[in-house]
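Chemist: As a plain string of letters, each chain reads:
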Amino acid sequence: MSAPELLPWWVGLPVSLLLVLGGIVALTGCLGLLRLPSFYQRIHGPAITITLGTGCILIASMLYFSALQSRPVIHELLITLFVLLTAPMVSMLLMRAAVYRDQRKRRLPGEAPETGEIYPLSARPADKRAP
Amino acid sequence: MNELSAFLLPLALNFALGCVGLALVFCTLRLLRGPSAQDRVLALDTLWMCAMLLILLLGMRHGSLVYFEAALLIALLGFVSTVALAKFLMRGEVIE
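Line by line, the protein sequences are chains D and C.
Sequence positions in the first sequence follow this note's numbering and run 423 to 553.
Sequence positions in the second sequence follow this note's numbering and run 166 to 261.
Hints in this document: simulated from the structure, not taken from any laboratory.
It should be emphasised that the depicted structure is a prediction, and the values quoted were computed from it without experimental measurement.
All C-beta atoms, glycine included, are put in the ideal place defined by N, C-alpha and C.
It is possible that some hints are incorrect.
What the hints assert, rightly or not - Covered by chain D, per the in silico footprint, the following chain C stretches (three or more residues, Cβ under 8 angstroms):
1. 167 to 180
2. 226 to 233
3. 236 to 244
Said to hold, decoys possible - Here chain D is said to cover these stretches of chain C; the calculated rule only asks that three of the stretch's residues, wherever they fall, bring their Cβ under 8 angstroms from a Cβ of chain D:
4. 188 to 201
5. 211 to 222
6. 248 to 257
Using the sequences and the accompanying hints, generate a full structural model.
Modeler: Here it is as structure tokens:
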């Protein structure tokens, strides 16, 4: 691995900062996915990972390869565009599916329980409910 | 002055690799623990995204552009699989 020695410092510094920022942001989003109490709060954690973390790391990758090959390497824009276009669609579909399932379970309480629990639509955590 | 980037870049790359690896572990924990099915699907979608970031970082570390196609493929497959799973959760079948 002899590549980083070829780079000037004014490329290495912003690439390093963007990499560290992207890593911290991705870790924060996944920590939110792990720690938040209900599904409707949990869906906001990965949005940070997908938009800001992926954006930082992709910009760092573009800068790094452009400086390494001394020509503009911007095909990471494809991933950026694709991810930014599809992330809202995915979260909207998942949210609609979750609301639909919770409503269906609330409407038919006598049926055999599926896996998991019903989340309340308010922001309270789910463990306040009677079992 | 080039010693700065030679010192700083591998450090930042290793730090970002560690962070994304830990994020993968968190997503896997949520995928295994997740009380309802939509939690598991959300964790799987985030797992796809973190795997894409990991492949990109590996490509930067090895200094090759070949990893980009793998990252693009992972992003595409993650989108398609998450849409199919969300549709299955909503309707009970994927293709109507």
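Chemist: Does the segment 188 to 201 of chain C contain three or more residues whose Cβ lies closer than 8 angstroms to a Cβ of chain D?
Modeler: That given contact holds, which follows from 9 residues of the segment 188 to 201 of chain C lying within Cβ reach (below 8 angstroms) of chain D.
Chemist: Go check the segment 226 to 233 of chain C versus chain D for me, would you? Three or more residues, Cβ under 8 angstroms, otherwise it fails.
Modeler: holds (count 5)
Chemist: Holds or violated: the segment 167 to 180 of chain C covered by chain D, criterion of 3 or more residues with Cβ-Cβ distance under 8 angstroms?
Modeler: Result for this restraint: holds, n = 11.
Chemist: Would you check chain D against the segment 236 to 244 of chain C, counting CB to CB pairs closer than 8 angstroms, and say if three or more residues qualify?
Modeler: holds (count 5)
Chemist: Under a C-beta cut-off of less than 8 angstroms, do 3 or more residues of the segment 211 to 222 of chain C approach chain D closely enough to confirm the stated coverage?
Modeler: holds (count 7)
Chemist: In terms of beta carbon proximity below 8 angstroms, does the segment 248 to 257 of chain C have 3 or more residues touching chain D?
Modeler: holds (count 5)
Violated hints for the displayed structure: none, as all numbered hints are satisfied.
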